[in-house]
Structure formats: structure tokens, C-alpha cells
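With the sequences and hints as input, model every part of the structure.
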Amino acid sequence: MLELAWLLVAVPLVSGLGLLVWGKEGDRVGHLIGTAASSFSFIVGLICFFQILGRDEGDRSYSKSLFTWIEAGPFHVDMAYTFDQLSGLFVLLITGVGTLIHVYSIGYMEHDARRRRFFAYLNIFIASMLTLVLASDYLVLFLGWEGVGLASYLLIGFWQHKDSAAAAATKAFVVNRVGDVGMALAIMLMFAQFGTTAISEVNVSVNAASTSTATALGLLLLLGACGKSAQVPLQSWLLDAMEGPTPVSALIHAATMVTAGVYLVVRSNGVFDASEAARNAVIAVGLVTLLAGAWIGCAKDDIKKALAGSTMSQIGYMMLAAGLGPAGYAFAIFHLITHGFFKANLFLGAGSIMHGMDDDVEMRHYGALRAAMPVTFITFLFGYLAIIGFPGFSGFFSKDKIIETAFGHSFWVGLGALVGAGVTGFYMTRMMMMTFFSEKRWKEDVHPHESPKVMTYPLIALGALSLLGGAMMLGGWITDFLEPVVGHAEHEELAIPAWLLSVLITLVVAVGVALSYVLYSREPIAAETPADESVSFFSRAGRHELYGNELNEAVVVRPTRHLTRFLVFLDGKGVDGFVTGLADRLGDASQLLRKPQTGFVRSYALSIFGGSLVVVLALLAARLA
Amino acid sequence: MTAFWILAPIMVLAALGLVLARKAVHAALCLAIVMISLAVLYAAQGAPFLFAVQIIVYTGAIMMLFLFVLMLVGVETSDSLVETIKGQRLMATVVGLLFGIVGVLVIGQAVTGAVTGLDEANANGNPYGIAKLLFGPYVLAFELTSALLITAAVGAMVLAHRERLVPRRSQADISRDRMREYAETGRHPGNPPTPGVFARHNAVDTPALLPDGRPMPESVSASLVARGQVRDGFDDDVDDIAKAIEPPPHAGWPFDQEGDDQ
Amino acid sequence: MTEYITLSMILFTIGAVGVLVRRNAIVVFMCVELMLNATNLALVAFSRQHGNLDGQVAAFFVMVVAAAEVVVGLAIIVSIYRTRRTTTVDEASLLKL
Amino acid sequence: MILTVMAAVPLLGALAITLMPRGQSSATAVKVVAVAASVLTLVLSLAMMADYDVGRGGYQLTEKHVWIEQFGVHYALGVNGIGVTLILLTTVLTPIVLLAAWDDRLPTSRSVNSYLAWMLVLEGLAIGVFSATDAFLFYVLFEATLVPIYFLIGSYGGPQRTYAAVKFLIYNLVGGLLMLASIVGLYVVTSRQGDATYLIGDLSNLDVSTTTERLLFLGFMAAFAIKAPLWPFHTWLPDAAASSTPSTQVLMVSVIDKIGTFGMLRWCLELFPGASDWASPVVITLAVISIIYGALLAIGQDDLRRLIAFTSVSHFGFIILGIFAFTSTSTAGSTLYMFNHGLSTAALFLVTGIMIARRGSASIQDFGGVQKIAPILSGVLLVAGLSSLSLPGLAPFVSEFMVLAGTFSRSIPAAAVATLGIVLAALYILLMYQRTMTGPLKEGTEGVHDLKPVEVASLAPALVLIVGLGFYPQPLLNVINPAVDEIVSHVGVGDPAPKTPTGLAQQTEGGEH
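Chains as they are written, first to last, in this note's numbering: chain E, 1 to 625; chain R, 1 to 262; chain L, 1 to 97; chain X, 1 to 513.
Some chain L residues judged to face chain R by a derived CB distance under 8 Å, without partners named:
1) Ile-5
2) Val-44
3) Ala-45
4) Arg-48
5) Asn-52
6) Ala-59
7) Phe-61
8) Met-63
9) Ala-67
10) Val-72
11) Leu-74
12) Tyr-81
13) Thr-87
Once the Cα atoms are required to be at most 25 Å apart in a straight line, the calculated DSS-like pairs of lysine-lysine come out as:
14) X/Lys-452 x X/Lys-31
15) E/Lys-162 x X/Lys-372
16) X/Lys-442 x X/Lys-372
17) E/Lys-595 x R/Lys-86
18) R/Lys-86 x R/Lys-23
19) X/Lys-372 x E/Lys-24
20) E/Lys-443 x E/Lys-162
21) X/Lys-442 x E/Lys-162
22) E/Lys-24 x E/Lys-162
23) X/Lys-442 x X/Lys-452
24) R/Lys-86 x L/Lys-96
25) X/Lys-452 x X/Lys-372
26) L/Lys-96 x E/Lys-595
27) E/Lys-24 x X/Lys-452
Now the in silico label distances, taken between C-beta atoms and shown as ranges:
28) R/Leu-148 x L/Leu-95: 24 to 32 Å
29) R/Ile-10 x E/Arg-594: 41 to 49 Å
30) E/Ile-460 x X/Ser-363: 51 to 59 Å
Hints listed in this document are in silico derivations from the structure and should not be mistaken for laboratory results.
All C-beta atoms, glycine included, are put in the ideal place defined by N, C-alpha and C.
Shown next as C-alpha cells:
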């Protein structure tokens, strides 16, 4: 089945385009075809995964070239795919969670007229994400990379009649595009440096190249990853992306697309192994985003924005892990997968809450929903326990391993990760308190009800996965499984034993949880968001997303707008002015030449006489000289 | 040579007179002076034929033509010496001076060497010499000039001749127009009285008198009036006569019967 | 000999300035005649200098041409006068851009 | 022989149309004849493709007759990889353009006959220009293409058409005259070395002093820099585009402006390799400036047509950058870019043309929320826009990336700044799409109803080609590569070798993965 792995991409792509082009009559059955396509990919992915599992340790990587995509002079790119351990895991994550979200969307988008178009976009997204993951050439990866950007643009701006949605979609695409500049430059550097852009060859020959090239390559790839995974310099688009429907936020902005950056870093482990500076940059970016995301999560009252903040923070964790070198790659992927499960679960839970609360996202209007939506509550609880790293849940295993490796790297980095875990505990408990436990703050005509079965079943499935996700870590299976791809890492001992560290982490998390519980259970939570002034500096900064948007506006957007207006003026007056000016000058010159033609005979006579004088003088001069 | 030193200043003054004269006629006279003194110089230079030709043809004919046209065009059109074109006069004098100086200083000195004189050339008479040349090498030029003269004459005639666009006004027409004009404007149909009629003199410049004694200005020709040469001293004659026939203050009979004809 | 040439040059220059300065067509015309006579003087002087009569023949031809020119020139002036009632040179100033 | 026939068919079609009766009754008949002529040319071009031997490269299907004996001028036609691509572009686009012009509202006094006749004349001349292998013939046809466009803009355009037409004409004429000086220079140079000749074969290995070569090069380059707007000479394009009908815009920008870049590639590089190499730093900087300048100005425009015109200025910057980077990848990329840009700009101009015709105004502010009432129209505009901002998976991305990759190996700063262009591209397209299509329906835009089947049919081929070539550009690249390799080797600068080729790394690493 491995040689048919390209079907993984082809089927959702064809069904997506088909649904798009299909007319009105497609509406009845469109969503079913979309879900079928996604589940077909899941099945094929599963089969391929077991096939490579069946193979022995050494050769679990299967690559096949379909056709030569671009071939001109030395530049040669094949449309080829590689199905190995890393991409296998990703394929399962994407198609698995994707299918669950397709099923969920059937219910969620029930009364939306353009549901067929929604499923078409979802299928296109699945296809491009799979292209990204399966690509064995950086340019094909770039094809998937921008395809995913396009799908997120279409899905964020799905409710186009809302201006805010359209603006958010454009912003997302443009910020991603800034990241893609880094990515494109990296691929060009590869071509200039190694003459090829095949992933395997580049990661091998990067050692032979100078460290400065490797660092440049690493930094450019990091810029691309930041764009796509909403890391600190280019993170402003993620919170605006919540304008899209909730399944979109769950699939794209939690489980799959935003992790593409981490996948890129892990896949180009050769490059990052070769340059220390690049790895430190990744660690720095990861750490800063981790803390920033947590900070924003604490301050946001909109449930989806809070979850988006938490996503940003969790991806910060993964980036941090990926930056720790061979030791951290496996844990980054492990956390990525478990995060995929519980974050999707949380987002879909939030979706079903919104479904019940007439699409109101304001946590201030929730409260005491555990009775009204029991299934959502329980699955949300599982997600909550997983994300804060409650022992036994999947989050516990993956996050502890990252913090452990972080401490192995350097004390301060470990400490940052630890603080992050604590803050995560704080804001997740705040969210649980405000939504399920505190007193009822519902609006008058709102009466929350449980979501239909088609939405709760995916929730239950994801809840279970959040719980059982940790199993992958039994006996370090995932590290051994990924070792051939990401390289071997000797396991160095820490100053303190591993179990003691886990206890310490759980303790810190417990402190965060307790703090939040105390804070939000003493007095009733205000139904309306308190004004900015009355709130402490921390929350105000958090609400404004650490003034990220204002920074972008001041540093980039306003100067560009002024530059554009100036250039438009310059073009009109300057370049065009010069040309038309030339024509006018010609006119003036001819006016000037008309003056001596006065029409009087005597002035002509004078000029004749003057002329003869000059001739005489010339003759004399010639004669004398 | 002495003739030269006498005539040269005269000629220069006459030339300046030509340029600076207010009235065209004065200019013409100055030019005549220049031409005649030139003729004398030709004679001094051993060119008696040219002397004669200059006097007869140039001064005699061409100058007269000028005077003739002056008369035609109206001798009185003395143009005001004010300059219309800005900077023309200044430039003209500057360039003129410059040209003159350059010419005199440089070209003047260029001619050196002894004067060979025309004695042997004029051996058997200047006109003979010129004729030999004229009908020898220059015969073609000679014939051409004749053609030139013919064309010039015809050209002048064509230019000056006016086509009769309107049929000639016969005497009948003139009288009919006169009567109509008299009817419409009351202009006297008859000829204006000739100057001097019933006046003290019959000279051309004395205006005729109306029955009540006032002079008639239109009886004198317009050009005299334009030149301001109309004799107007008529009033003083009347006064003289009036004084002459004035009775002494104490006079008797014929003059103090004023009461009877009231 | 040089004094004759100097005299002719002076007359020639006066004639030229006269042409430039005077506004009455006839006077301008006379100045042109003056310039022609000045040249004749120079021609005769040179003919005497070189001892052959060519100069005088040239002067003779100059006179003929001058005659023809005066005839036509005056005819033009008369016809202009007849149509425009003026002889000032500046009136005919239509020949300009 | 087929090249002459292919050039002649549209000209004969034009002649036939002008002879047909004018007036409303025969309008449809005229249109049918026009489309038939262009489709026939398309068929002929496919026949040409058939018997063009892709592998052999070099000039094929050549024909040569003496035209002006004294000057050594021949009526010589011949076509290499690049010529074939551009002729295909012309013959593919013209039927689409004629279909799109089906219900153009012309100024009342004008008849549709001459309107379509001029377009067919333009197509014939373009095919002639792309297949001319005689410098003199090329120059004559190069100048001849100005006449139809002048009339198309001048008598059928928008309110400011006369100003735009005259400006276009003067601009290109100045360029043309400079080129004429070089053509004369060529005659002088060749006649001094044996008999005068204009054939590209003899001209390409001309030994001439560097200064003369540079002067001749500057003459040619001036004309081509104005025709394919390079930065300082671009101001005629927005005016011409803003005041002409959509079909004229497409023909002008997608087909005729390509003569400029085609000229650079075939005549500047082949005839004056030394001078091109000497001038390449300056041209590269100008190209990069026009990329960024064009993009920034496109963002600042309010008139849709001017916006697309400025995007074309930016794209031409990429093409010229590719040509003057002298690597086979970038040159092949710029040739492919000419083809792809032709398609994507044609789609953009036609869609916006339909929008403007229905709304009655070209300013972006007058549109809003059109997506609700015309979903297919907005879909097509989105795909055309995405192709213009070179989204991977669509044709322009392949060529743009090849240009950038080729330039990167030549000069890193130029490529880096040029890559910024793709962000600006995203800005001007998406801002335009957001302002016109999304958000609440603005009053006054109710009239913009959706695309009719005939319109979808006329746009479909372009879109299918854009997507198809995005995923499978290889057949076209196979045609382009031999011709490009010849030119790059002729310029003699060659491709910079990769610093650590993979083979070398293999040994050192021992390949343990």
C-alpha cells in the first residue's frame, strides 16, 4: 500500500475541488463525501503506518518519486513523497483528528448554507497538510506549506460577510507569507549551496558546508516556522484567526497547521544539529513564546482566544524541545501528538459550549454549565487534566519529558519551562472555573443544552485519546521509534533523579491550580469584563496580546502605508512629472526662439550687418593667426 | 590731391546730413552733394568717363527719380526721429562704429605699395579704354545688364500700374454724385473756389473770401496747408484799409449821420 | 590711396547706420545708394592703384545695377504707399512667426 | 512556410472583417469570423508545435528570402524554444480575448468591425515579431505593433483615451528610434566586415570593439526597457491600461509587452553578450526596484485597472531580473514567467473587466461584498489573484521560484530583496480582494450579477492552464531549456557551481542515515 501513499493526498484534493465546483445539488451530500474522503485517507494512512511498523528498524523509510516537477538546467525537483516514522505519525494525527473534526463539523455547520464549500476547504486543507508532511523535497514541502496557508485563509475568512473575518484572513495569509519569505530564501540557499533541495540530501551535506551557511539556513527555516506556527515575532495572526468557525480553530489552529513549524524544525534536524546558534535561536523563540502565550491565556475572557493563547504556549514547548537537539526531537513530536488530541478536544468542547450558548464566546456569560452539558463537561475535564499535566494523563508524560530535557540543557531554560507549566495550570483552571463551576451568569434568553450526538461522539473519542495518549511513551517507545529519523541521543543523568523532578513539576502545577481556584471561587465573577484601567498591568498587557499588534502596526504597517502613499505621489509627480515636464520644456524653448523674429525689417538688417562684422573679424582673425 | 581734402569733409558731412535730416527732401539734397563731389573725385582719379556718367546718370537720373517719388509720396511725410524698436539705435551705432573702426584701421592699412596710375591705360582716352574692356572680356556682362535694365523697367511699370477695377467715372457720373451729395449732406456741388478769388491777391497761397469776408481754407491746395505755407495775413490788410478809411475822431458829414439808417 | 579707401569705408558705414536707423523707406533707400557710391569710389581708387580699367568697368556695372534697383525699389515703395498710405519701414511687419 | 501562413491568417481575417458590412445587424457575423480566424491560427500553432522537434533546439521551421539586397536584409523567419512558447501564448490568448470582447460596449460612433480587425492585425504582427530572425524585419514589425494598439486605445478606450494613446505612442517611438540608431550602427559594422547582413546567425558572432558593442546594446536595450516597462520608463503602462477596454489591456500587457523581454532575451543577449554582462548589475538593480516599486504602487491604487497594470510592472521586474542573472535556471524561469504572466494577467484583466462593466466604475471603493451575489465571479477573481501573487500549485510560482533561485546563486542581495516582493504581492491582491469581495454588500453593487456560462467558458481555458502548468510545467520547460542553454552558454558567464555538491558531502559523511 506504501506505493499508493500518494492517494492520501490525491483523494481529499480531488474531492475538495469536486465539492467546490459542484453546483447546488451537491449541498445535500457534500459533507458526507468530504468526511468519507478524510476517513479514506485515515485508513490508507493507518495501513501504510502498520506496513512500515512491520518492517525492521533500519529501513522504515519508503520514498517514491511520482514525476519530475521542475527540471531546468541544474535545478531539478521531483514530485516525490517519503513515508517514514515521522511523517507516518503526522499522517495519523492529521487524518485521525481531521476525520473526527469532519464528523463534528457535520453537526456544527448544520444550518450554514455554504456547508458544502466548508467541507471542500477542509478537504483541501487535509490534502495540502499531507503534502507538507509527506514531501521528500523542500520545494514540494513549500507547495504544501503555502497550500495550508491558502486553506487557513479560506477557512478563517469562511464567514466573509463579516469584515473582521475577512481582515483576519488577510492578516493571517500576509503574516504567513512573511514567514514564507524566510522559507523561500532557505530553499534558494540550499539550491545555491548544495545544488539540490531534497530533504535527505540537504540534511546530510549540511555538515560539509560552513557553519555560517548552516546557521543562515537554520535561521531562515526558523523564520518560516515562526510564520506558520505563530511563534513570537510573527504570532499576531493566531488570535485573530479565531474569527473562523470552531472546527477550523480546532483542526488548523490547534492540532495540525500550527505544528507544521515544529515538523519543519524536526525534519531539518540535520541543519539544526550542524549549527549551535540556530538551535539556541529556536530555544529562545520557544521559551519566549511559551511564556507570552501563557500570559495572554490568563488575560483573555473570550474562550477561543484563551485556548489560542494556550496553543501558542504549548507550541512554544514543542519548539523549545525541538531546539534542545537530538534529545528533544522525539519529545517535541510526542508532545505535539498529545497536544493535538487534548487541544482539539478542548476546542471542540468550546465549540459545543458555543453551540449551546447561541455562539456566545464570552466566558463571563457562562458559569455552572456542568449540569447543562454533562458530556461536554467530562470530555473538557479530561482535556483540562491532560493539558495541565495531571499524572497519568497524556500531557503529564510529554510535558515532563520536555522540562526534564530542558533542565538537562540549562537550568534557566528548565526553570522557564517549569514556570510555564505552572501558569498553564493557572489559566486552564481559570477557564474551568469560569465556564463550569462558578455561579450562573447566563443571559436571559440563553438556555444551554447538550450538543447532538454527532458532535459529542468525536468529543468522547478525543477525550479518550487525551487520557490514553501517554501510552505511546510506555518504555520509551516513541524515542526508539523516531530514532532513525531524528538521530541518536545519549541519555545524560540529571543532578536529581527523574521521579523527584516529576513530583516537583506536579507540585508547581498544583500551586498554579490552587491559586486560580482560590482567586476565582471567593467572590462571584463579574458578568461584564472590567474596564482596562481597573485591571492590573499584567491582565491589561495580556488583553492587548502584549501589544504585539500595536508593535506590528507601528513598525511595519504604518510605514508601509506612508511609503506607498509617498511613492504614488512620487510616481505621479516625479517620474511622470519628469516626462511631461520634458514635453513642456520643449514648448518653452520654442517660445524663446520665436522672440528675435520681430517682423521689423530693420532688426533683420541689423542682424545682417552684425553678421557681416563678425565675418570680417573672423577673416581678420584667420589672417592674423 | 587738394580736391580730395576739400571734398572729403564735405562728403562726410553731407552723408551725416543724409542720415540725420528730419525732412526727406533735405536728405535727398545731401545725397546729391555727395554724388557730385564723388564725380569730382572720379575725375581726380583719372576716370573722366565715370565723372560724366556719375553726373548725368547717377545724380541726374536716379536722384531725380528719388525726388520725383518723394514728390509723389508726399514730401511732407517727415518721420519723427523717435525710435520704435527697443535698442535698435544703440545697437546700430555700436555695430556701425565697430565696423567703421575695423574697416578703416585694418583694411585701410592693408593697401600698400606705389600707385601705378592710369596714364598708359588711358593712353588713347579713358572712354576708349573702358569701351575696349566693355566690349572685350565683359561683353556678356554688358548684354546681361541690358536685359536687367529692361526687366527693371517692365517690373516697375507692372508694380506701379494699377488695374482699373472699377469702370472709369464719366462726367455724367461725377455730376450725378455731386448733386446727390448736395442733397444729402448739403456739400456745395460746385468746385471749391480757386485761391485768391475776391482776395487781395490771386497767388496760390492766398485763400478765397466768402461774401462776409471770412477766408475759405479749402480753396488752397492741401499740400500747402500741410506745409503751413498758407498766407493768412489777410486780416492785417483789412485793418490797414479800415484804418485808412477811418474818419478822424472829429470828422463831419459823411460819417456822423449814423442815426438816419437805424 | 589709403585715404580714398578710408573715405569710402566711412561713407559705407554711415550709409549702413542710416539704413538701420531711419524709418522712412525712401531715406533708407537713399542710404543704400550712398553705400553703393562708397563702393564705386573704392573701385575707382583701386583701378587707379592697379593701373587697369577693370575697377572702373566694375563701377560702371554697379551704377547700372543701382539704377535698375532704384527703379524697382521705388516702384515697390510707391505701391506700398498707395495701399497703406505710409512709407515707414516698420509698418510692414507681418512677416514674422 | 508555416510561420508565414500563421502570421498571414489573422491579417487576412482582419482584412475580411473590414470588408464585411458594418452596423448592428452584421455584428455577430463579424465576431464569429474574428473568433474563427483566431481559432484557425491556434490550430496552425498546434500544428507548428507538432513538427517542432523539441530535442534538437536551435532555430527550426526557418525560411529565408532576400528582401532588401543593398542592406543585406532578408525576410527570414525561424523559431526556437522561446519563440514557440510566446507564439503559443499569443495564439492561445487571442481567441480568449476575442470571446471576452463579445459584448464590449464600444463608444457609439465606432463599429465592432475595425475594433476586432485591429486585434487580429495585432496578433498577426506579434507572431511575426516572435518568429523574425532578421534584425531589420524584427525592427519593422516591432514598430508596426504600435499602430494597432494606438488605435485600439485611442478610439475604443475610456474617457482619457487620447492622452493615454499619444503618451503610449511617443514613449515607444522614442525607444524605437534609439533602436533604429543601433540598427543603422549594425549595418555600418557588418558592412565594414564583408557584406552587410542582419541575420541573427551572422550577427551573433560579431567581433566589434567594446564601446561600439555597448552603444549598440544600449540602443536595443532602451527600446526593450520601455516596451517591457522597466522601472523608470513605466509610466505609460498604467495610463494606457486605465483607459482601454479589457481585451486591449490583455493584448497589450500579456502579448505585446512580452516583445520587450523577448527582445532582451533574443537580441540583446545573443547579439551583445559582452555588453549585456557589463550592463547586468545596473539592469538587475533597476529590475529589483521595479519589483518593489510596482508592488508598493499597486497597493496604493484605487483604480482596479491601474492596480493590475502596476502588478504587471512588478512581474516584468521579475522577468528582467531572471534574464539578466544569466543562469540557465533564471533564464528558463523568466521565459516560463512570460508565458505564465500572460495567462494570469489575462485572467485578472478579463475578470476585473467584467466586474467594471457590470458595476460601471473601476474604483475599488465602489465595490463591496460582491462575493455573496456573484460567488463564481469572486472565485475566479480569487484564483486569478492567487496566480498573480504566485501561490505554489499555480503556474507563476514555478517560474517565479526558478527566477529567484537562479538569481540567488548569482547575487544574494538582489534575490533577497526580490523575495520581499512576494509579501507585497500577497498584500496588493488580498487587500483588493478583501475590499471588493468580502464584507457586507455595499449599496450600488447589486448590478454585479454572476458570470454567464459564455464568460465562464472564455475564462476556463486560462484558469485550467494556470493550474495545470502549476503542477506539471515540464512539457513547456522541455521546449524552453535547449534554447535557454544556448543563450546562457553564448553569454558565456555560465552557472555558478554549488559550493558543496551533495556527492562530495556523501563521502565525508559516510552516509550513516
